[in-house]
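Trainee: Note that the protein sequences, when read in sequence, are chains A and B. Take the first sequence: its position 133, counting from 1, is numbered 133 in the working numbering, and each next residue is one higher. Take the second sequence: its position 253, counting from 1, is numbered 253 in the working numbering, and each next residue is one higher.
If you are wondering where the hints come from, they were derived from the structure by calculation, not from laboratory data. Incorrect hints may appear among the rest.
[What the hints assert, rightly or not] Partial list, derived from the structure: chain A residues whose beta carbon lies under 10 Å from chain B:
#: 1; residue: 10
#: 2; residue: 14
#: 3; residue: 102
We put the CB at the ideal spot given by N, CA and C, even for glycine.
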Amino acid sequence: MHPGDNCRIEETIRKYSNMLYRICLVYLANEDQAEDALQETFIRYMKNAPKFNDAEHEKAWLIRVATNICRDICRFRLRNTELNIDDFENYCGTDDKSAEILELVLNLPQKHKEVILLHYVEGYKVNEISELLGVSVSAVKKRLQYAREKLKLELEKEETE
Amino acid sequence: MRPNELKESISKITIPDAMERRLIQNCTSQKAKAFSFRKPVYAAVACILALVMLVGIPYLARNFAGDIELVMGASPLVIHAAATSEGNEYVFEDIAAGTEILMGRYSPPMNVVPGLPFNFSYPGTEIELTVNAGVLILWDVGISNVDGFLAFDGTGTSRLERVGNAHTFIDEGCIFWDPFTEAGLAESAVIEYRVLDGDHIVGYGVIQLSSTDRVYSAKLVLSTGFPKVDGKYQKVTEESLQKLRQEILENDN
Numbered sequence: 001m002h003p004g005d006n007c008r009i010e011e012t013i014r015k016y017s018n019m020l021y022r023i024c025l026v027y028l029a030n031e032d033q034a035e036d037a038l039q040e041t042f043i044r045y046m047k048n049a050p051k052f053n054d055a056e057h058e059k060a061w062l063i064r065v066a067t068n069i070c071r072d073i074c075r076f077r078l079r080n081t082e083l084n085i086d087d088f089e090n091y092c093g094t095d096d097k098s099a100e101i102l103e104l105v106l107n108l109p110q111k112h113k114e115v116i117l118l119h120y121v122e123g124y125k126v127n128e129i130s131e132l133l134g135v136s137v138s139a140v141k142k143r144l145q146y147a148r149e150k151l152k153l154e155l156e157k158e159e160t161e
Numbered sequence: 001m002r003p004n005e006l007k008e009s010i011s012k013i014t015i016p017d018a019m020e021r022r023l024i025q026n027c028t029s030q031k032a033k034a035f036s037f038r039k040p041v042y043a044a045v046a047c048i049l050a051l052v053m054l055v056g057i058p059y060l061a062r063n064f065a066g067d068i069e070l071v072m073g074a075s076p077l078v079i080h081a082a083a084t085s086e087g088n089e090y091v092f093e094d095i096a097a098g099t100e101i102l103m104g105r106y107s108p109p110m111n112v113v114p115g116l117p118f119n120f121s122y123p124g125t126e127i128e129l130t131v132n133a134g135v136l137i138l139w140d141v142g143i144s145n146v147d148g149f150l151a152f153d154g155t156g157t158s159r160l161e162r163v164g165n166a167h168t169f170i171d172e173g174c175i176f177w178d179p180f181t182e183a184g185l186a187e188s189a190v191i192e193y194r195v196l197d198g199d200h201i202v203g204y205g206v207i208q209l210s211s212t213d214r215v216y217s218a219k220l221v222l223s224t225g226f227p228k229v230d231g232k233y234q235k236v237t238e239e240s241l242q243k244l245r246q247e248i249l250e251n252d253n
């Protein structure tokens with residue numbers, strides 16, 4: 001990307017930063033690392049981005065790069081530095097229910113977090129997630145099913161407590 | 001929990017304004033923030049590289065650089081060769097580097113010994129012998145020290161074994177060199193020996209054999225030890241030995 005493309009990168013960051021930050025934060029459950037991942041994603045975008053067919057193509061490319069970077073970070077990080085419940089107030093304010101759900105999602109295994117996020121929040125279909133993450137459709141379905149059941153179970157457990 | 005609740009909760013995550021500004025600033029100025037997740041990895045890699053450079057480079061320089069001279073010292077290996085022949089008794093003499101010993105006339109049909117004998121001794125080591133012409137032979141005839149001379153005493157089993165052009169002794173041993181080849185008697189040959197302490201070459205030598213009208217003489221043209229330097233074995237490579245051998249033989253001729 002040429003220096004003259006600064007406007008374009010700024011535009012891209014503004015357009016996708018929320019969506020990608022959500023993915024990175026849910027995946028990593030750590031704000032600093034999410035920021036690192038986000039920056040690395042946009043740097044790779046500046047250096048390696050292919051010619052995109054449309055905005056959806058560009059979005060999918062960014063999601064794929066961000067999730068790959070998050071996986072790398074998880075592999076490299078030496079200790080568990082996840083958010084605690086107080087940190088969710090930064091995002092959920094006084095909405096306890098939302099904070100509770102967010103905490104449950106963040107505590108899911110990585111592979112379940114990413115499908116929940118892409119399906120329910122970003123609105124991707126099962127076959128699209130399959131392509132994005134490079135896993136089979138049935139694996140995506142199983143992960144979604146597991147994640148739903150796990151969330152439901154945990155939520156019921158908390159409600160009874 | 002309904003899907004909408006899930007979406008609503010997660011959608012509340014938005015990038016903090018300050019973080020977005022940082023991101024734009026870093027990306028547009030091409031000054032990437034140092035990635036914290038990689039710091040431990042980079043630090044580990046840097047430490048390993050530093051260690052390798054600190055320890056490895058002097059080691060490599062000392063052991064692998066082609067221009068590094070080997071430190072040579074006296075060889076504790078003792079070599080005896082039969083200097084004279086008196087009937088069935090062969091008397092050995094200690095051969096010193098640079099001296100030539102007349103080993104006598106050798107004729108296979110007439111000799112009572114299978115070849116020209118050499119005795120090598122260096123306790124605590126392995127002595128590897130190779131010869132470039134003729135054959136090495138082991139002959140268990142028994143040797144004893146009589147009046148200061150090593151001599152055959154006939155106490156052995158007389159078992160004879162032709163071992164080809166290479167043999168290894170542990171501590172010591174007597175080998176016979178048979179100059180007889182398919183093309184007739186070899187007029188000259190070179191016996192090389194390497195003294196090994198474990199995997200390390202601690203000694204090397206070259207015996208030049210030559211003959212005139214079937215009268216053979218042996219000259220120890222090189223006999224050297226490779227003492228430890230700073231308490232460590234020297235890295236003696238086959239290439240360095242061959243270079244040494246070539247130089248010695250060229251100078252000797």
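Trainee: For each hint, tell me whether it holds in the structure or not.
Mentor: Here is how each hint holds up against the structure:
no. : hint : result
1   : 10   : holds (5 Å)
2   : 14   : holds (7 Å)
3   : 102  : holds (5 Å)
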